[in-house]
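Could you slot chain B onto chain A? The hints should help.
Residue numbers (my numbering), protein chains in the order written: chain A, 0 to 454; chain B, 0 to 454.
Treat the hints with care, as some may be off.
For chains that are exact copies, the list does not tell them apart, and a pair is met inside one copy or across any two.
Said to hold, decoys possible - Below are the BS3-like pairs computed for lysine-lysine, each with C-alpha atoms no more than 27 Å apart in a straight line:
| no. | residue 1 | residue 2 |
| --- | --- | --- |
| 1 | 200 | 434 |
| 2 | 266 | 400 |
| 3 | 356 | 172 |
| 4 | 200 | 256 |
| 5 | 55 | 434 |
| 6 | 177 | 200 |
In short, the hints are calculated from the structure, not lab data. In this text the structure is predicted, and so the values were computed from the model without any measurement.
Number of protein chains: 2
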Amino acid sequence: MAKDKPSIPKGTRDFLPGEMVKRNYIFDTIRNVFLRFGFMPIETPAMEQISTLTGKYGEEGDRLLFRILNSGNYLAGVSDDEIIKRDINKLKASLSDKGLRYDLTVPFARFVVQHLNEITFPFKRYQIQPVWRADKPQKGRYREFFQCDIDVIGSNSLLNEVEQIQIIDEIFKNLNMKIVIRINNRKILGGIAEVIGETEKITQITIAIDKLDKVGVHKVNEELAVKGVSERAIRELQPILSLSGTAEEKLNELEKKILPGSKIGRKGVSEMKSLFSYLEPLELEADPILDLTLARGLDYYTGVIIEANSTEMKMGSLCGGGRYDDLTGIFGLNDVSGVGVSFGADRIYDVMEKNGKFPEDTMLTTTLMFVNFGEKEEKFCLPLLDVIRKSGIRAELFPDKVKIKKQMNYANQKNVGYVALVGEDEIKNGVITLKNMKTGGQEQITLDELIEKLL
Amino acid sequence: MAKDKPSIPKGTRDFLPGEMVKRNYIFDTIRNVFLRFGFMPIETPAMEQISTLTGKYGEEGDRLLFRILNSGNYLAGVSDDEIIKRDINKLKASLSDKGLRYDLTVPFARFVVQHLNEITFPFKRYQIQPVWRADKPQKGRYREFFQCDIDVIGSNSLLNEVEQIQIIDEIFKNLNMKIVIRINNRKILGGIAEVIGETEKITQITIAIDKLDKVGVHKVNEELAVKGVSERAIRELQPILSLSGTAEEKLNELEKKILPGSKIGRKGVSEMKSLFSYLEPLELEADPILDLTLARGLDYYTGVIIEANSTEMKMGSLCGGGRYDDLTGIFGLNDVSGVGVSFGADRIYDVMEKNGKFPEDTMLTTTLMFVNFGEKEEKFCLPLLDVIRKSGIRAELFPDKVKIKKQMNYANQKNVGYVALVGEDEIKNGVITLKNMKTGGQEQITLDELIEKLL
Numbered sequence: 000m001a002k003d004k005p006s007i008p009k010g011t012r013d014f015l016p017g018e019m020v021k022r023n024y025i026f027d028t029i030r031n032v033f034l035r036f037g038f039m040p041i042e043t044p045a046m047e048q049i050s051t052l053t054g055k056y057g058e059e060g061d062r063l064l065f066r067i068l069n070s071g072n073y074l075a076g077v078s079d080d081e082i083i084k085r086d087i088n089k090l091k092a093s094l095s096d097k098g099l100r101y102d103l104t105v106p107f108a109r110f111v112v113q114h115l116n117e118i119t120f121p122f123k124r125y126q127i128q129p130v131w132r133a134d135k136p137q138k139g140r141y142r143e144f145f146q147c148d149i150d151v152i153g154s155n156s157l158l159n160e161v162e163q164i165q166i167i168d169e170i171f172k173n174l175n176m177k178i179v180i181r182i183n184n185r186k187i188l189g190g191i192a193e194v195i196g197e198t199e200k201i202t203q204i205t206i207a208i209d210k211l212d213k214v215g216v217h218k219v220n221e222e223l224a225v226k227g228v229s230e231r232a233i234r235e236l237q238p239i240l241s242l243s244g245t246a247e248e249k250l251n252e253l254e255k256k257i258l259p260g261s262k263i264g265r266k267g268v269s270e271m272k273s274l275f276s277y278l279e280p281l282e283l284e285a286d287p288i289l290d291l292t293l294a295r296g297l298d299y300y301t302g303v304i305i306e307a308n309s310t311e312m313k314m315g316s317l318c319g320g321g322r323y324d325d326l327t328g329i330f331g332l333n334d335v336s337g338v339g340v341s342f343g344a345d346r347i348y349d350v351m352e353k354n355g356k357f358p359e360d361t362m363l364t365t366t367l368m369f370v371n372f373g374e375k376e377e378k379f380c381l382p383l384l385d386v387i388r389k390s391g392i393r394a395e396l397f398p399d400k401v402k403i404k405k406q407m408n409y410a411n412q413k414n415v416g417y418v419a420l421v422g423e424d425e426i427k428n429g430v431i432t433l434k435n436m437k438t439g440g441q442e443q444i445t446l447d448e449l450i451e452k453l454l
Numbered sequence: 000m001a002k003d004k005p006s007i008p009k010g011t012r013d014f015l016p017g018e019m020v021k022r023n024y025i026f027d028t029i030r031n032v033f034l035r036f037g038f039m040p041i042e043t044p045a046m047e048q049i050s051t052l053t054g055k056y057g058e059e060g061d062r063l064l065f066r067i068l069n070s071g072n073y074l075a076g077v078s079d080d081e082i083i084k085r086d087i088n089k090l091k092a093s094l095s096d097k098g099l100r101y102d103l104t105v106p107f108a109r110f111v112v113q114h115l116n117e118i119t120f121p122f123k124r125y126q127i128q129p130v131w132r133a134d135k136p137q138k139g140r141y142r143e144f145f146q147c148d149i150d151v152i153g154s155n156s157l158l159n160e161v162e163q164i165q166i167i168d169e170i171f172k173n174l175n176m177k178i179v180i181r182i183n184n185r186k187i188l189g190g191i192a193e194v195i196g197e198t199e200k201i202t203q204i205t206i207a208i209d210k211l212d213k214v215g216v217h218k219v220n221e222e223l224a225v226k227g228v229s230e231r232a233i234r235e236l237q238p239i240l241s242l243s244g245t246a247e248e249k250l251n252e253l254e255k256k257i258l259p260g261s262k263i264g265r266k267g268v269s270e271m272k273s274l275f276s277y278l279e280p281l282e283l284e285a286d287p288i289l290d291l292t293l294a295r296g297l298d299y300y301t302g303v304i305i306e307a308n309s310t311e312m313k314m315g316s317l318c319g320g321g322r323y324d325d326l327t328g329i330f331g332l333n334d335v336s337g338v339g340v341s342f343g344a345d346r347i348y349d350v351m352e353k354n355g356k357f358p359e360d361t362m363l364t365t366t367l368m369f370v371n372f373g374e375k376e377e378k379f380c381l382p383l384l385d386v387i388r389k390s391g392i393r394a395e396l397f398p399d400k401v402k403i404k405k406q407m408n409y410a411n412q413k414n415v416g417y418v419a420l421v422g423e424d425e426i427k428n429g430v431i432t433l434k435n436m437k438t439g440g441q442e443q444i445t446l447d448e449l450i451e452k453l454l
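Only chain A is shown next, with the shape it has when bound in the complex:
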């Protein structure tokens, strides 16, 4: 080749057919469960106004937004003084007024406010689309990746939380993955902050606790101290976070011994008791556990928070979400409560791949390939193929008359299930020689028999 091999931007990926088939298996499974629970699809554009995106994901998030260069002479309005300074942050406003979607939550909030008169509340939507972040690429972290989100907006009922926990359970059961579902409540965390005398530090406490899994208790306590949480408060926090027993036992302990002095804390306990009373009779595959150390970093959560992790492989959460009381407030629509969960398709893929969880027939591509013996046979086979395809079977005719070995090699590489050989003899006798590519077995059958066999 004369030129350099072409490449794609770092942190992005091409998906080959073998990967696509598996990815679609995940997306289809997730989508089917979403639909069975009454969630409806929406999509939003890849680009949003930059004003929709900035200020929503913290300083770090703003830095990680991919911005679209404006068309036209975008530097015309900038003065010489300003341009010579090369103050990127100032120039950005002239250079770019659009950015790529950073998650599906903020675009959804924008969507709800923009289409307020076109949707019916409670609005149950799912959304499966890629998002983009200019993060430093590393193993398992990409600059383009897919999120699968559900949200219900406009209903305060805990039934929505129940339903989303059922959805999580159902999806991973259908994917044949073993998980643990951990739930907690921001109101309980708020109550704890209150009783240890650090109400104003609730955000810092949540962010620190959220790292407990990754960094351990020592580092969390260090961070709490750095953030100005008092030594006494940190000491008082420890036994609370390490409460043991069933959900009921923990909730009773919180109610009677720890949180009687906090109104918000008691509300959280009452919500969790109610939630568990709905969940108990439901015979979920993965029984949800109450995990008081679950915090979730995002600060818009206000009630129940949920996360699911693989029990077959050490890895970050496979999905997570919770209740937020004012997500659309950022776009001027206040007091609309919602609850949502986001599934990370890439992590789910990695766990399934590493643990051999993809069913074998997912990997089948074309079911049947006709070998090409030349023009006369081609013209005989085309109408047969037509009938076979109309019955719903995936079938193709190798397009070139090349050596059979080459054609069989193609069928093997493509993981084709069966190969049909129709030469002069078969045409004369009105039969098809069918070869099972897995067993190597061969038989002569009629068209009808072939269709019945392959359906």
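Below, chain B without anything else, positioned relative to chain A:
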């Protein structure tokens, strides 16, 4: 609301559930046909290296690329002199080294060259993804729109063209749309240019002829003259373009009277004769016609070209494509022949919508909604819902105990098929009151009967 209503960038769209359901019906139909013909999915990233994209779509195309602003201090390496000049085209290189996908063809060519050792030839891929163009937005033209492409690469066989014409026919038949499939051959157009003495003007002739449908013969001849095609050549071109009769008659006329002096022209005629001999026995719904005025603007086509148009509504082509002998050459891999067709989902949507082609059950969202009568009934209904959903029926329980009128209104707005009422009496008698939302009819049935009825 305190703030301005949020908006999205001009030329982009949100898709509401009602639209998504219809769009997914189109995508699913197209995808199913692609799969039945042995095409496999791939996906490429939204962003490509800017060098992959520039110079591939002409000057106009380069101008319409959406570019991604680089991260970091992208103006650090630019001298004061350069920056003061504000020469946007020069600064672009520092500002941006990535761009958004402009079509699916160039990324596919890049993909094939980059993954040469991972794919099996002939490589049959489909790709359904959005593309972005900074075109002036107008009715029916968007800055983000979806393409559905198939390509076979690495096979010279005309069977590929046959197959793609079958695919076009099958897709529109499945969508219940009436179309005409027009085919032509670039080699014939080349032969015509040769015999009228304008071989070097073949590109200009093709571009001009391509507009015949839109602007009429007078404007086309004007353009040909402006582009320097001789008066004599233009005169000689007219009877050729207006040849009438069956494909066979036209091809015979071309072969015997018009193109005997052109080798490439005769090759084109021979290809078309062969193509029609494959197509004739196939009983297509939309019989393909030979249209010598079909040219297709893109200059990488080298053989058969194909387009399909609605016969129910005046509108640009719904799909189009053709044979190209050297698409991957731009990335250094020469002499790999391919053929592909691209379907425009947005235009297909518009035709289907205007002509009421979407089947009614496509618009059904949730099949069954349980009315919420309060906590006791909720807890009774949840396990029923579980069984119903596991049988594959889409079902939900209204999450809040509000007035029944409000709940029924939600069911109506969401186009729910049936509503289940389970109150105290039903719980006592072990039955469900089922209301058909379309007929208004109501009956009391058991859970098993309900599932059987709704499946």
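Could you tell me which of the hints above the structure violates, numbers in ascending order?
Those not satisfied are hints 1, 5, 6.
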